[in-house]
Amino acid sequence: MRDAGADNMNDRIAAACDELRRQIDARVSSYFSSCVHCGLCAEACHFHVETDDPRYTPIYKLEPMRKLWRQEHTLLGRLGAVLGRSSGLSERDFADWEELVYDSCNLCGRCSMVCPLGIDITYMLRKQREAFNLSGYVPDGMQKALERTLDTGSPMGVTLKTLKATLAHIEKATGLTIPIDREGAEYMTLFSSMEVVNFPEYIESIARIFDAAALSWTISSEAFEATNAGIQVGSRDGAKEIVSRAVDAAEKLGVKYLISPECGHAYTAIRWEGPNLIGRRYKFEVVHILELLDQLHREGRLKFSGSSDTPMTLHDPCQIVRRGGVVEPPRNLLHKVASGFVESTDHAAMNWCCGGGGGVSANERAEALRLKVFGRKKKQFEELGVDTVVTACANCRIVLEEGLEHYEMETQVIGLTELVAEYLEQ
Amino acid sequence: MARMKFYCDAERCIECNGCVTACKNENEVPWGVNRRRVVTIKDGVPGERSLSVACMHCSDAPCAAVCPVDCFYTTDDGVVLHDKDICIGCGYCFYACPFGAPQFPADGAFATRGKMDKCTFCAGGPEADNSAEEFRKYGSNRLAEGKLPLCAEMCSTKALLAGDADVLSEIYRKRIVNRAGRVLQRGVPYQNATLRSPSGLKGKASSLE
Amino acid sequence: MIGDFIDGPLWYFSAAVFLLGVIWRLIAILRIGVTVDLSVARSSGAGGALRTLFSRSLPRRPVLTRGKLQFVAGYMFHLGLFALLFLAQPHVEFISRRITGFGWTTLPHWGFMLVSEAAFAGLLLLLLYRLMHPVTRLISRAGDYAASLLVFLVMLSGCLALARAYEPLRLLHLLLAELLLIYFPFSTLMHAFTFAVSRGYTGAGMARKGVNA
Amino acid sequence: MYRPVSRTASSLLLLLVVILAPVPGGGASANNREEGIQVPNPGTDLWREVRKRQQPPLAGVKPPLNGAPGVDLWMEIERSKLSPVGSTQVKSVDSGTLINPFGDEWRRFRMEWLVPYGGYAVAGMFLLVVLFYLIRGRVPIHAGPSDKRLPRYTVYERMIHWFIAAIFLFLALTGLTMLLGRSLLIPLIGAEAFSLLASASKEGHNLFGPLFLLALALIFFRFVRRNIYQRGDLTWLLRGGGLIGSRHVPSNFFNMGEKSMFWMLVLVGGVTAVSGVILVFPVLGQGREIMALSHVAHAITALTMILVIIGHIYIGSVGMEGAIEGMTTGYCDLNWAREHHDWWAERCENNGEVITVEEAFEAEGFTPGAPKHHRPAGETAE
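Protein chains in written order, with the numbering used here: chain A, 1 to 426; chain B, 1 to 209; chain C, 1 to 213; chain D, 1 to 382.
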């Protein structure tokens with residue numbers, strides 16, 4: 001969000017530079033000190049691999065931050081600045097790099113896994129977005145999504161009314177009661193708007209699973225939205241606001257656990273970044289739905305009957321698996337309910353991103369590029385020769401579906417929770 | 001000036017290796033290097049002969065001709081010497097020399113070919129005569145002291161001779177005459193003639209002059 | 001004489017610049033600090049830091065295929081250089097005489113040949129890769145070339161001075177090495193030390209989340 | 001007159017020498033050398049006698065019985081030279097051998113053939129190239145430079161090309177320093193400075209030598225398929241690659257000349273590299289004769305390569321417009337390709353591989369720091 005008084009462009013750039021300066025911590029400084037510009041990160045990035053465009057080299061996307069770091073944290077850089085050989089960051093830098101920072105990065109973290117110097121590029125890009133947000137060089141689509149979330153509670157404009165209508169529909173179909181605002185419940189669950197609008201099957205599935213497992217759960221009418229556009233745009237204030245809503249609601253209801261749904265950034269936001277954004281630990285624990293399902297199954301509260309023998313593979317959502325750490329639960333579940341499950345090449349922590357993460361799917365102008373780099377997923381699926389893909393992120397799911405449609409592929413995409421619900425022992 | 005030469009009389013050499021030892025001792029030659037060696041052919045069979053070989057101090061030295069850095073020079077006494085400060089240890093002199101005189105100590109950081117080392121006719125090198133530096137690099141400089149190479153001086157049978165070529169030729173000639181006389185006297189083929197001076201002939205085999 | 005200067009004062013000066021520079025750089029980096037992560041960790045960061053410190057020395061398969069050349073050349077250069085630096089007989093001699101007071105086993109001739117060939121081939125190939133590949137061409141800065149070139153010159157002068165009979169050649173090698181030491185703390189050559197910090201941070205951060213990085 | 005005394009080795013050497021340059025032999029200078037000896041010298045007398053006796057005796061004439069006492073002995077040594085003749089307490093390479101007659105042949109080869117003619121050949125080649133440039137000028141792209149590009153060499157191909165180029169240049173310079181330095185450099189810089197330079201050259205040459213073998217292997221495996229001779233290559237040869245007459249001779253990715261250079265490099269360069277390895281490791285126990293022979297092979301093949309590469313560098317740089325871009329940027333001008341490698345260009349065009357200058361420029365990753373939408377318009381790849 002822009003400050004009211006910072007309409008002046010120079011002020012905005014100065015504020016952005018200040019922010020960037022603040023973002024440079026010991027980690028960032030050690031990363032830039034270590035980088036030898038070997039270019040290996042490019043070989044891990046689907047944007048480079050699919051386009052062969054050298055500008056999509058991950059570390060190159062951090063050039064503004066590196067420039068500032070060099071000027072203020074290295075002797076030669078400071079010397080250059082004193083001698084007037086180099087100037088600070090200009091508006092031009094922000095304008096030039098907006099596309100590289102927002103359109104061509106999913107914050108998927110694949111580059112961070114391969115850097116021989118151990119540089120976490122994603123960590124820095126996430127920080128750089130904070131400065132870009134202040135400079136005003138942010139894609140409209142993403143900015144609007146954030147504003148809508150802050151105004152209406154959902155990036156897609158889903159209101160409580162919409163949710164209630166969906167829930168009523170589900171209650172009717174399943175004959176179950178979905179508890180809302182039940183104080184003292186053990187678990188509170190969040191949804192992503194995408195699920196409410198596009199994949200109500202997910203809500204129906206968890207209702208049935210939780211019923212089967214006799215789980216004490218509830219939904220808060222005050223905060224049911226899990227997605228956090230603030231994290232994607234790089235708006236600390238926005239992200240904090242969105243996280244606080246969920247935290248406040250959960251603490252008000254006194255739940256022990258907060259369930260993060262099948263949504264990538266939602267998990268990162270509430271599980272890993274949330275406490276840092278609000279500046280304190282929660283009074284509850286955050287669990288991912290897949291972790292919970294795996295745990296319920298292990299505890300014997302969840303039993304399966306039969307399994308699908310359709311050959312299928314898992315698309316690991318970056319923020320849940322690689323950047324979230326939920327690596328084994330989806331696999332444990334799949335081995336129970338899908339006998340035809342096969343791992344694709346480059347799976348788990350090295351999976352290729354769908355191309356829509358990091359807010360790219362909300363960025364209309366990046367659509368052509370996103371579809372182009374989806375070619376990587378296409379090749380991955382074709383190599384494996386599997387027609388069904390399971391995933392656990394609503395955003396991945398919609399991006400996969402769009403990409404498959406674009407390339408006229410017959411591959412089906414299904415949600416893991418739904419698959420689990422299907423083989424639930426009644 | 002004189003022309004210094006070696007001459008080894010195969011009829012006299014008894015393969016005692018005294019010359020080799022003398023050389024090593026006098027010049028403190030580095031490990032793995034032998035400036036002089038005694039080669040025995042037909043070892044253990046009739047016609048066995050031994051020769052003590054080192055640098056022959058050729059008048060037109062092949063080593064000097066092929067040296068890429070031009071480190072060889074011939075002294076006024078006709079001794080072929082080389083400058084170890086110039087030598088790069090390429091080994092070309094070793095390829096060109098008919099007698100296998102140039103030797104290469106394992107030197108440098110990794111025991112590759114070091115600077116070439118060979119017989120100096122006990123004449124040292126380009127450094128000041130009998131300086132410590134000269135001794136370290138090339139060994140003794142007996143010539144500067146008016147002495148002949150120690151190998152020849154130590155030879156117990158006087159098979160190995162060193163000195164002015166004119167004098168050596170004279171000795172050589174006398175020995176042939178002496179031996180030829182024995183051949184004529186006894187009527188044996190030259191190859192079978194014994195080497196000792198016959199008692200009947202007066203002092204013809206002396207090499208004392 | 002210039003030789004005495006290179007062998008004496010300049011050597012001590014460059015060694016001091018190197019030592020103090022590296023320490024200063026590391027302190028400067030660590031002094032900035034990181035904010036305490038309030039999220040509940042899955043596992044301790046220390047184990048992850050240690051793990052990543054070593055795991056990143058091995059390539060991951062998906063990138064190994066695409067970056068084959070860099071890995072092969074990179075290994076050749078780095079391993080070769082390390083062996084040359086710490087196992088070559090003149091270096092051990094130098095270190096033992098000037099720094100430690102004791103020496104250790106050195107490489108035999110064939111071993112020296114092998115590692116120096118590998119180091120030279122690796123460095124040349126990496127430098128050419130930097131010059132030829134669109135990605136590295138785009139992201140490389142003057143400092144990267146300067147560092148590569150300086151290291152190459154140090155290696156080359158060292159190899160020219162192998163006969164160990166020519167003082168000027170040894171001094172040239174020493175001079176270049178001194179320049180390298182002086183340049184070291186202010187260049188990307190610092191990665192020789194900061195890689196441990198970077199890997200540690202990343203490893204710890206990822207281990208908290210439960211991912212082996 | 002000079003005649004070979006060592007059997008296999010010398011006949012091989014003779015063959016090489018005869019092939020290299022049929023210039024009248026070194027007999028005259030050999031005589032001069034012998035005349036130069038005025039002082040009586042038992043060692044040389046002996047040696048000369050051996051040589052004389054080596055000649056087949058005339059029918060019915062027996063050598064004098066008591067000509068010289070040592071000669072029969074040295075004759076014996078000489079005759080059985082190829083088997084170990086002597087035993088000695090000194091254990092080192094060839095220490096049992098009393099005479100190495102091949103040394104003299106090698107000396108003659110090096111001093112009377114290799115150094116002078118090698119030097120003249122290199123200088124002559126330079127002169128030839130300059131003359132050619134003055135007469136013929138730079139071969140232009142007749143249709144003029146276009147704004148289209150064809151991808152010609154991949155990153156890897158360019159890398160290994162410049163890899164072998166750098167190594168070759170270093171080896172050629174250090175090699176020529178050692179070969180010609182005594183004649184050319186010692187008069188200029190003195191023996192001591194040259195000794196330092198020669199030592200550095202020798203150590204550098206020895207260290208970089210094995211890398212050439214590696215680079216050669218990389219080049220061979222990468223380019224061999226495109227260098228197999230095919231139909232049309234003969235026509236190219238017959239018309240002298242277009243030098244004879246003004247018409248261009250069609251060719252594929254590589255033309256006949258380039259293919260021949262490739263094979264020359266692989267075969268001749270292979271000999272250079274292998275003989276070099278034999279010379280680099282004197283510790284393997286190989287005798288002087290093998291080393292001297294290796295040196296002969298090394299020198300002849302290396303000089304051949306140097307001469308050819310001078311031509312290669314000329315035609316690849318100043319000699320022809322548009323020739324070097326393929327190796328630096330990876331892309332070549334479409335018109336250049338059409339004029340020099342038309343079959344290949346046609347195939348590429350049919351495959352739709354033609355791109356614009358701007359596209360090539362971006363793909364190369366030039367001009368760091370400027371993202372493409374802010375790159376000044378009209379800037380070219382040059």
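Heads up, a few of these hints could be off.
If you want the footprint, here are the derived chain C segments under chain A, 3+ residues with CB under 8 Å [what the hints assert, rightly or not]:
no., region
1, 62-68
2, 131-145
3, 192-206
Please keep in mind that the hints were generated in silico from the structure rather than gathered at the bench.
This one's a predicted model, so the numbers in the text were calculated from it and none came from an experiment.
For glycine and all other residues, C-beta sits at the position ideal for the given N, C-alpha and C.
Tested hints:
no., hint, in the structure
1, 62-68, "holds (count 4)"
2, 131-145, "holds (count 11)"
3, 192-206, "holds (count 11)"
Of the numbered hints stated above, none is contradicted by the structure.
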